[in-house]
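S.K.: Residue-level listing of the chains:
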Amino acid sequence: MILARVVGNVVATQKNRRYQNARVMLCQQITPEGNETSYSVLALDSVDAGVGDTVLIVQEGWSASTAATGEAGAAIDSAIVGVVDRIDLL
Amino acid sequence: MQLARVIGTVVATVKNDSLHGRKLLIVQTVDRNLEANGKPMVAVDAVGAGVGELVFWCRGKEASFPFKREDTPTDCTIVGIVDSEQHVTREPVRKRATPPLAR
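In order, the protein sequence lines correspond to chains C and L. Residue 1 is where the first sequence starts when you use our numbering, and the numbers rise one by one after that. Residue 1001 is where the second sequence starts when you use our numbering, and the numbers rise one by one after that.
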């Protein structure tokens, strides 16, 4: 899983049918220290995350698809599976 | 999934049987400011996208799921068309995340 910050979302009317009723969030990966990296990714939301939230994103098809749509086998490679409250580093 | 701009098409006469009838498009991945990021890739279209449109594509094994499963050899498939550039909402660029990220 990666750490990321939700920075926005996208609206698409024409999309794969398995994306119906899903929220597609625009996320920017961050380091554990909170600095943004250059990697941005779109992920389906499964936990009601909002812009500004630090989130956990799973990037494995079966898990992402199951978390976001309740069923495996969708063309989904990333899903938000948690909102991070706090990160403690040594 | 990644946000991308469709910048071209590819024509291939000889190809895997399960790619017959499929549209091949060249996509340039873009960042949240819609600026090009990384190298262009060839994607199979699953939603009827065209050149110039802002789309998002799915990577990996899941890319073949919009088609008859296990049937279409692709690792990059367009699965959605963004309505317009105004439909990409985003907050201003910030260098550092605000709390709750405390050291």
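Since the hints were made in silico from the structure, they are not lab data. Because the structure is a prediction, the values reported are computed rather than measured. Hints are not guaranteed to be accurate.
Said to hold, decoys possible - Negatives, chain L to chain C, calculated, CB over 12 angstroms:
1. Lys1015
2. Val1047
3. Arg1059
4. Pro1073
Said to hold, decoys possible - Just the calculated beta-carbon pair ranges, DEER-fashion:
5. Lys1015(L) x Gln29(C): 18 to 28 angstroms
6. Leu89(C) x Val1011(L): 50 to 60 angstroms
7. Lys1068(L) x Thr31(C): 18 to 28 angstroms
8. Arg17(C) x Gln1086(L): 21 to 31 angstroms
9. Val1014(L) x Val51(C): 39 to 49 angstroms
10. Lys1068(L) x Trp62(C): 12 to 22 angstroms
11. Asn35(C) x Glu1085(L): 48 to 58 angstroms
12. Thr1013(L) x Glu33(C): 25 to 35 angstroms
Positions of the beta carbon are idealized from the N, C-alpha and C atoms, including for glycine.
S.K.: Would you mind marking each hint as holding or not holding in the structure?
M.R.: Consistency of the hints with the structure:
{"no.": "1", "hint": "Lys1015", "verdict": "holds, 20 angstroms"}
{"no.": "2", "hint": "Val1047", "verdict": "violated, 5 angstroms"}
{"no.": "3", "hint": "Arg1059", "verdict": "violated, 5 angstroms"}
{"no.": "4", "hint": "Pro1073", "verdict": "holds, 14 angstroms"}
{"no.": "5", "hint": "Lys1015(L) x Gln29(C): 18 to 28 angstroms", "verdict": "violated, 34 angstroms"}
{"no.": "6", "hint": "Leu89(C) x Val1011(L): 50 to 60 angstroms", "verdict": "holds, 52 angstroms"}
{"no.": "7", "hint": "Lys1068(L) x Thr31(C): 18 to 28 angstroms", "verdict": "violated, 41 angstroms"}
{"no.": "8", "hint": "Arg17(C) x Gln1086(L): 21 to 31 angstroms", "verdict": "holds, 24 angstroms"}
{"no.": "9", "hint": "Val1014(L) x Val51(C): 39 to 49 angstroms", "verdict": "holds, 47 angstroms"}
{"no.": "10", "hint": "Lys1068(L) x Trp62(C): 12 to 22 angstroms", "verdict": "holds, 19 angstroms"}
{"no.": "11", "hint": "Asn35(C) x Glu1085(L): 48 to 58 angstroms", "verdict": "violated, 27 angstroms"}
{"no.": "12", "hint": "Thr1013(L) x Glu33(C): 25 to 35 angstroms", "verdict": "violated, 52 angstroms"}
Figure legend: structure checked against the earlier numbered hints; hints not met, in rising order: 2, 3, 5, 7, 11, 12.
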